[in-house]
Amino acid sequence: MIRVMISKPGLDGHDRGAKVIARALRDGGMEVIYTGIRQTPEQIVQAAIDEDVDILGISILSGAHMKLIPKILTLLKDKGSNIPIFVGGIIPDEDVNELKKMGVIQVYGPGTRTSEVIEEIKRYFEHANV
Amino acid sequence: MDKEEIEKKYKEWNDRTNSLTKKYPEEGNLKSSWSEDVKRLYTPLDVSDYSEIGFPGEYPYTRGVQNTMYRGKLWTMRQYAGFGTAEESNKRYKYLLEQGQSGLSIAFDLPTQIGYDSDDPHSLGEVGKVGVAIDSLTDMETLFEGIPLDKVSTSMTINSTASVLLAMYIAVGEKQGTKRDKLRGTIQNDILKEYIARGTYIYPPKPSMRIITNIFEFCSKEMPLWNTISVSGYHIREAGADAVQEVAFTLADGIEYVKSAISAGLDPNVFGKRLSFFFASHNNLLEEIAKFRAARRMWAKIMKEKFNVTDPEALKLRFHTQTSGSTLTAQQPENNIVRVTIQALAAVLGGTQSLHTNSMDEALALPTEDSVRTALRTQQIIGYESGVAKTVDPLAGSYYVESLTDEIEKKAFEYIKRIDEIGGMINAIEAGYVQQEISNSAYEYQKEIESKGQIIVGVNEFVMTENNQRVTLKVNDDLEKKQIEKLNKTRSKRDLQLVKNSLNKLREVAKTDGNIMYPIIDAVRVYATIGEISNTLREIFGEYKESVLI
Amino acid sequence: MFESKIVEGIKAGERKALASLLSICEDDPEKANSILNSFERRPSHVVGITGSPGVGKSSLINAILNGSKEKKIGVIAIDPSSPFTGGALLGDRIRMQSHATSENFFIRSFASRGALGGLSPSIFEACNAFEAFGMDMILIETVGVGQSDIEIANVADTVVVLLSADGGDEVQMMKAGLMEIADIFVVNKADNIMSRNLLSKLKATIEMGKKEIPVFMTNAIQDEGVDELLKGLDERFKTISMDGTLEQRRKMRFFDHVRSSVRREIDMIMQKIDLSEFDFYGLKKKVMEELCKRS
Chain S
1 MIRVMISKPG LDGHDRGAKV IARALRDGGM EVIYTGIRQT PEQIVQAAID
51 EDVDILGISI LSGAHMKLIP KILTLLKDKG SNIPIFVGGI IPDEDVNELK
101 KMGVIQVYGP GTRTSEVIEE IKRYFEHANV
Chain L
1 MDKEEIEKKY KEWNDRTNSL TKKYPEEGNL KSSWSEDVKR LYTPLDVSDY
51 SEIGFPGEYP YTRGVQNTMY RGKLWTMRQY AGFGTAEESN KRYKYLLEQG
101 QSGLSIAFDL PTQIGYDSDD PHSLGEVGKV GVAIDSLTDM ETLFEGIPLD
151 KVSTSMTINS TASVLLAMYI AVGEKQGTKR DKLRGTIQND ILKEYIARGT
201 YIYPPKPSMR IITNIFEFCS KEMPLWNTIS VSGYHIREAG ADAVQEVAFT
251 LADGIEYVKS AISAGLDPNV FGKRLSFFFA SHNNLLEEIA KFRAARRMWA
301 KIMKEKFNVT DPEALKLRFH TQTSGSTLTA QQPENNIVRV TIQALAAVLG
351 GTQSLHTNSM DEALALPTED SVRTALRTQQ IIGYESGVAK TVDPLAGSYY
401 VESLTDEIEK KAFEYIKRID EIGGMINAIE AGYVQQEISN SAYEYQKEIE
451 SKGQIIVGVN EFVMTENNQR VTLKVNDDLE KKQIEKLNKT RSKRDLQLVK
501 NSLNKLREVA KTDGNIMYPI IDAVRVYATI GEISNTLREI FGEYKESVLI
Chain U
1 MFESKIVEGI KAGERKALAS LLSICEDDPE KANSILNSFE RRPSHVVGIT
51 GSPGVGKSSL INAILNGSKE KKIGVIAIDP SSPFTGGALL GDRIRMQSHA
101 TSENFFIRSF ASRGALGGLS PSIFEACNAF EAFGMDMILI ETVGVGQSDI
151 EIANVADTVV VLLSADGGDE VQMMKAGLME IADIFVVNKA DNIMSRNLLS
201 KLKATIEMGK KEIPVFMTNA IQDEGVDELL KGLDERFKTI SMDGTLEQRR
251 KMRFFDHVRS SVRREIDMIM QKIDLSEFDF YGLKKKVMEE LCKRS
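Residue numbers (my numbering), protein chains in the order written: chain S, 1 to 130; chain L, 1 to 550; chain U, 1 to 295.
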């Protein structure tokens, strides 16, 4: 069973994508913890650790990603957690590369198919188990 | 031919056509966007009585709210803009006014929309990103520097903090020598859709409705030229609702606001004149045109039959349209110019009063100057070159469009009835009914795209590998730092005692049932910040938490 | 995490250790049971919160957390698993997220994974894990399908039944099950005019019955009425700890725990047998044989 957490950090309230992905992952057989909008990085990280999720999905469309995602990554590290992160939303290409260098495992932009996200998450954990 | 003859001939034609389809089958997605079958052919049999269609400028307004529509004056070309600092936004507004735009439309950043100062911990990374950062009157003065408020009409996309921004606009007008009763514009001020779809709420529904009715009362006394609310369907549609739901939930919100104004003692005959609406425009050209017509007819019926409004001006649904952001693709962005053109055309053929057209690069970032100019040109070409503005409501009488108008009206009224049974929109929102409907539509739509039931050109069909080196707008990162410096400067220059007094006065009025606009205006005049004012109200009203519905 | 590290971590109050242990409870309950054996546990007050969907269970729990500055509280929030895909949407945290960083609270979401009665198959192990961690109170939010949610009575020391005037709960209330399992009733959404009505009907119904059940009225979203409820919960825990009720219920819970563990074994056995090979008695004999072998 793969447990995923989907969160929206910062002040952005556009949750259509986050909700669609949450449902799609549920239909893909995963357990999805959805924390809702307006989360601080601290809330997201502590919740992810307490829920012992296998992977954390961050949805962000407001342009604040280069401040909020590094903060989340740092907090996870400080707490000794290595939960992998994927990101969805509006992220310019240069930032995508930056984020991946920081350790984000995948960034999904507009037009991504939910089936792609499900497949990639499943494949990630197959490889991890091998 | 009379109706019976048409019916007979239609049946015969249909039978002949059915045998043809054995050799040339009909294929593809033949359903409306709310999943009803679209008929092969529409005929006079599909059109209802002309009294439902009527004449422009007269009840039930199906054909438009003015007699001459665009023959007298084209729709207002109003491009939503704003980012970063007040200085940069001021430059962009002057540019757009020079290029022929007729009204200003202001986008604010998320901290401003949610009542946080730029140095509040919640504002980290958000300052100036999705719109202009306004911390105090200082920023508002910069924003309108050199722009005469008595010559422009300004639309502000602001909701939870609408009272504060309106107060600041009034204060800027005063400094320019323009009295508040001469100011023209709109504040969005539609909190219900924030709970449903947009998410920039602060306080719970009841106190939020109180603030809104305070604004209604204030404007009806002091600002006769100001539109006090733009009841919005755009965000509801963008969150995933279909066209029918967009109309239904928007008008249901409108009903709630009218109810609220009436219980505050306002006369809907007067108040109704200052209500305006805001819709999206999507790709299905003919559905969208019908949607706008249906909305107009429905609202007129609602105001007349439910609220007994008699003043014809108060029966009119006037609206602004924005082309749909969610239909823009990051893949092959030039295609978006075509999409926006279709969507803009739908809005014009649907009789919109003002229009914002998206730029082609908006799936990737805020638009560049070049892209935004093309978006404006799109409207100008439609207005001056396409000929559609030469007559009023040119698609009336189209068998399909009239049938669609009737169908949308019927289905939307069904939703409104259901919401009524739940006890009104606020109850429906607290129960999560509206959010669930929207979430379901969004999910179904995504499944349609992934199964190729709905083709999106460049995304799930006609795909190509692209060279992604596109020039997009970058918002300067040290902007946050600069804005905070500016804020600190304002804080140091003002008289702190005056600020404290003004906030105390606000607290008093908020606790009782006075009109909070007056203390807020006093507070902004002495440079109280948006965070200070909003936090004062947070103390008293509390904060809203979203429902557990996905 | 290795077993010994988990035991150390739990004893030291490390959240990560508890998080790992709760995962083991779900994925390998027998392993969890063996780990939990090494703990001496002081009983936490296990409070089950049940009621129809939309009645305000998450809001009530959030309000309880708001009002409990001194207590250490664990929250088990359960949502249904899809019978078709096996996946689940766990959204109860949304209402409680302001407490995510609170040192005294630990919130954990569970999917029902096919369990009946609105609970989770590893509910006993999860409760024991929270107890081992030293929680004063454990709040269990059931899935909330109303009528069939009576299994919670076998797990909780106190069953709180939450009702609201807009939940069609008048009819619900009259049905036998709820009356029998409720230890405390709470009428939520006090701001709804119909709530007073519901409250009086409820009190009247209780009068007619044999059991004395305290009733509270709350407006959970506004944190109203919750202090009284908390007092009521504390009083109840004191009382049942002294008058033998707690002991009784713990015994019942212990039996149910064992029963659920044995059922799991039977399920595992039956999954591995080709059921079509046997008739009724043959299969029964086979299962009992396998069960004996495993013990």
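Hints are not guaranteed to be accurate.
To be verified - The calculated DSS-like cross-link candidates involving lysine-lysine, where the alpha carbons are at most 30 angstroms apart (straight line), are:
| # | chain 1 | residue 1 | chain 2 | residue 2 |
| --- | --- | --- | --- | --- |
| 1 | L | LYS175 | L | LYS474 |
| 2 | U | LYS31 | S | LYS77 |
| 3 | S | LYS79 | U | LYS31 |
| 4 | S | LYS101 | U | LYS16 |
Claimed, not checked - A few chain U residues that face chain L, going by a derived Cβ cut-off under 8 angstroms, partial list only:
| # | residue |
| --- | --- |
| 5 | GLY54 |
| 6 | ILE94 |
| 7 | ARG95 |
Unchecked claim - The calculated label-pair distances, taken between Cβ atoms and stated as ranges, are:
| # | chain 1 | residue 1 | chain 2 | residue 2 | range |
| --- | --- | --- | --- | --- | --- |
| 8 | S | GLY111 | L | GLU369 | 35 to 45 angstroms |
| 9 | U | PRO214 | S | ARG123 | 48 to 58 angstroms |
| 10 | S | LYS122 | L | VAL457 | 49 to 59 angstroms |
| 11 | L | LYS306 | S | LYS100 | 53 to 63 angstroms |
Think of the hints as simulated: they come from the structure by calculation, not from any bench. Glycine included, every Cβ here is placed at the ideal spot set by N, Cα and C.
query: Which of the numbered hints above does this structure break?
result: The structure breaks hints 1, 8 and 10; every other hint is satisfied.
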